[in-house]
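Novice: Given next are the chains, with one letter for each unit.
2 protein chains.
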Amino acid sequence: MSRLTVYAVVAAGLVYMIPTLVWGAGSEGGHGAHALTFLFMALILLAAKASSLIERFGQPSVLGELLVGVVLGNLALFGITFFEPIKTDEIIGFLAELGVVILLFQIGLESNIKEMSKVGLPAIMVAIAGVVVPFGLGVYVAGPLLMPEADMNTLLFIGAALTATSVGITARVFKDLGKLQTRESQIVLGAAVIDDVMGLIILAVVSAIVTVGSITGSAVAFIIFKAILFLGSAILIGQILAPTISLYFSKIHTGIGMKFTLAFAVGLLFAYAAAEIGLAPIIGAFAGGLILDAVVFRRFKRPDYVEELAEMEADAPAPIKGKLADIVHRYEHRHVEDLIEPVAQVFVPIFFVVTGMAVDLTTFADTTILATALGITAVAFFGKIVAGLFAGKGVNKWIVGFGMVPRGEVGLIFATIGAGLGVITGGVFSVIIIMVILTTLLTPPILTHLLRKQTS
Amino acid sequence: MSRLTVYAVVAAGLVYMIPTLVWGAGSEGGHGAHALTFLFMALILLAAKASSLIERFGQPSVLGELLVGVVLGNLALFGITFFEPIKTDEIIGFLAELGVVILLFQIGLESNIKEMSKVGLPAIMVAIAGVVVPFGLGVYVAGPLLMPEADMNTLLFIGAALTATSVGITARVFKDLGKLQTRESQIVLGAAVIDDVMGLIILAVVSAIVTVGSITGSAVAFIIFKAILFLGSAILIGQILAPTISLYFSKIHTGIGMKFTLAFAVGLLFAYAAAEIGLAPIIGAFAGGLILDAVVFRRFKRPDYVEELAEMEADAPAPIKGKLADIVHRYEHRHVEDLIEPVAQVFVPIFFVVTGMAVDLTTFADTTILATALGITAVAFFGKIVAGLFAGKGVNKWIVGFGMVPRGEVGLIFATIGAGLGVITGGVFSVIIIMVILTTLLTPPILTHLLRKQTS
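Chains as they are written, first to last, in my numbering: chain A, 1 to 456; chain B, 1 to 456.
Mixed in with the good hints, there may be bad ones.
The list cannot tell twin chains apart, which means a pair is met if one copy fits it or any two copies do.
In silico BS3-like cross-links for lysine-lysine, where the CA-CA straight-line distance does not exceed 25 Å [claimed, not checked]: (1) LYS87 x LYS397; (2) LYS323 x LYS301; (3) LYS179 x LYS301; (4) LYS118 x LYS397; (5) LYS114 x LYS397; (6) LYS179 x LYS321.
What the hints contain is simulated information worked out from the structure, not anything from laboratory work. All values reported here derive from a predicted model rather than from experimental measurement.
Input sequences plus hints: build the corresponding full structure.
Specialist: What follows is the structure, encoded as structure tokens:
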């Protein structure tokens, strides 16, 4: 074919394909039941990656992904409704949840129980203060002041929504800036886990008060017992069972696929188990990552290049030998983390873009609601910053405090349940949504600023 | 805590958790809309990995995954209905399709256009004969003889399923036996790729006949023209656009996440585009993989360990220098393939297990169906062995012929699409599944025998 023929074919192809691709001539071969989901996935991923331009301005890429989501989710205001189906697409919704589960599993893998237990006490203190202060302020101070017409049931749910911590956003910021191993990061992660357990208790209590009118002390005690028992026994069972399961599967095959699949399945199983007990799946995934460490996989193959390097190391001369041994040591231990990374690259951005898309900019239009929301948002910030003061000595309390601020999907879940019970209606719902949006969107730049200042 | 206390807590946890996990106390916190899907994903992955025990018997692991699917899908016969919801779960269905799209994208990445064109005339001849002979025998001879009650639409789909060649299974067999570089292997791989494309044209044609009722010669010509035009122009457009898009995105960020996401998005976009034009998403994904080669990503970072090794290589003494340069060269070029591998590990097995689950064992009880399946399987072998006769001089024609026999996932896709169109029902579906399983199961030992005989 001559060059001209080639271009003619390309041009003909374009002329034929463009209308088909834009308007969708649609799936004559019985294929493509999920083709549109493939397109949405690709566009979300490309938009998310393009948004990492925001790193030029010193911001973490998670903020770019959230903002890209806000833009895509509000294009309908300009008549562009192409992306609207994403908001209600069940499969995209699942992929987003899978994304945040993978993120917390990944962070669990990079953490370990010993390090976490070192920050045990400050984490507990921060978590308790981070629940008590916002709840108290919401129910007894800011709520009655800003919304005098709200009854006690409504105030209870506003208070509950204020206690939430969405650890996904903060964890991403720490990860983007390479600060996951700092003491501040460990405290925030630990506090977020405890916070989720307490949030579950609060939710059960306020739901009971709203529906039954009251709750007994023993019922509260049972909920607390159940949640703690789950977390404790899941981690203990995991630590006992994981090496055993690993042993049996390594007898079947010691390949890299087996090693990685085992790890990933543990993350999914813990996410499921947490959800079954009423906790967030991400908390389970984090616990699953936490119990897995290199020793669990010691019977499995190392990556091909590590094997090659180990072989070379055997007869290398002195200085090279040391360097090779070092590379072998570092990369064989990083292996499961390296394998989960590409999977995270594909799914984690979907969560943040979809979260951004849930922001409805028209809620900001009503100035009365906006004013109330700004007041509640101030309380939301203040309550968690106060909690940060309990982080103990030797850490930057502001980083811990702001790290606890984002309410994210957890705050939304509380609002949604309140709406389902009929105590969170129209305007109040918008107030909570705006609070969630602002705490979620404003935290990454603030946290980035604080972390950079600390380093310099 | 004493050891005893720990075990007591674990025991209490187990006693409490087991009924909860089995019967589902369920999601009090409003979480876990997708928890059950996480559980199913984990169980499918673990079952798939456990099934790789089948490799001990010289069988490819894909067969283990299919058989595990057959088992899970038929446990209801023994009163265990736990896995039944997987069959109709829309999200699991999507994940399975994503899995096969990723598989074909991966195979596309590992192929390249130059190598394919080198295979030349024998591969084209084998591919054409491998499509014409089984299709002709299926539609006009064995089909009408063995299934006199089947109408033309059904026969067309049986014929189409007989034309399939599974690239993955074929390549895997040669790879396991260390014979990938033989002339026989090259011909089989090239022919299998061409066969896939022809099979998909056949699929488009038979699908049109089934859905529209009839098809004119000009419509067939148009489908062929459209398919070739799509593939040709997609590949050309991709080859022109991919480096440009890659250039712009590399200006935003040169990290590994960007590199991998770009590659993955290309696979998804091609899958979407193919579906929109009426082709299978997998052929689009394959084409997407085909156009991406190392040069597209030359502006992006190499893996960390490759950077380290390249640095070491600079001042290494002679023999070490050469070895390091070799490792650097091999692993930097394999990078996108290495990154897609863990993603494939997570999703590809879902496709095969879910496909196996579609097998209804109760149809095996029907000796008529079983006899028919054995007849169709004989035709499946015979048609491809005849195709091997066109492999030209200087090669073992039997190896080429048997190398083309496995129908694998492509045959299953044809059957599934036929089922979706309502022309492949109960018994006929089982006939095709049995044929696929037998061609996949019997080929590796035969091929092993032939290859060992050739070497000795």
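Novice: For each hint, tell me whether it holds in the structure or not.
Specialist: Cross-check of the supplied hints:
1. LYS87 x LYS397: neither (37 Å within a copy, 51 Å between copies)
2. LYS323 x LYS301: both (21 Å within a copy, 22 Å between copies)
3. LYS179 x LYS301: between (30 Å within a copy, 22 Å between copies)
4. LYS118 x LYS397: For LYS118 and LYS397, only the intra-copy Cα distance (17 Å) is at most 25 Å; the inter-copy one is 65 Å.
5. LYS114 x LYS397: within (22 Å within a copy, 60 Å between copies)
6. LYS179 x LYS321: neither (29 Å within a copy, 34 Å between copies)
In summary, the structure is inconsistent with hints 1 and 6 from the numbered list given earlier, while agreeing with the others.
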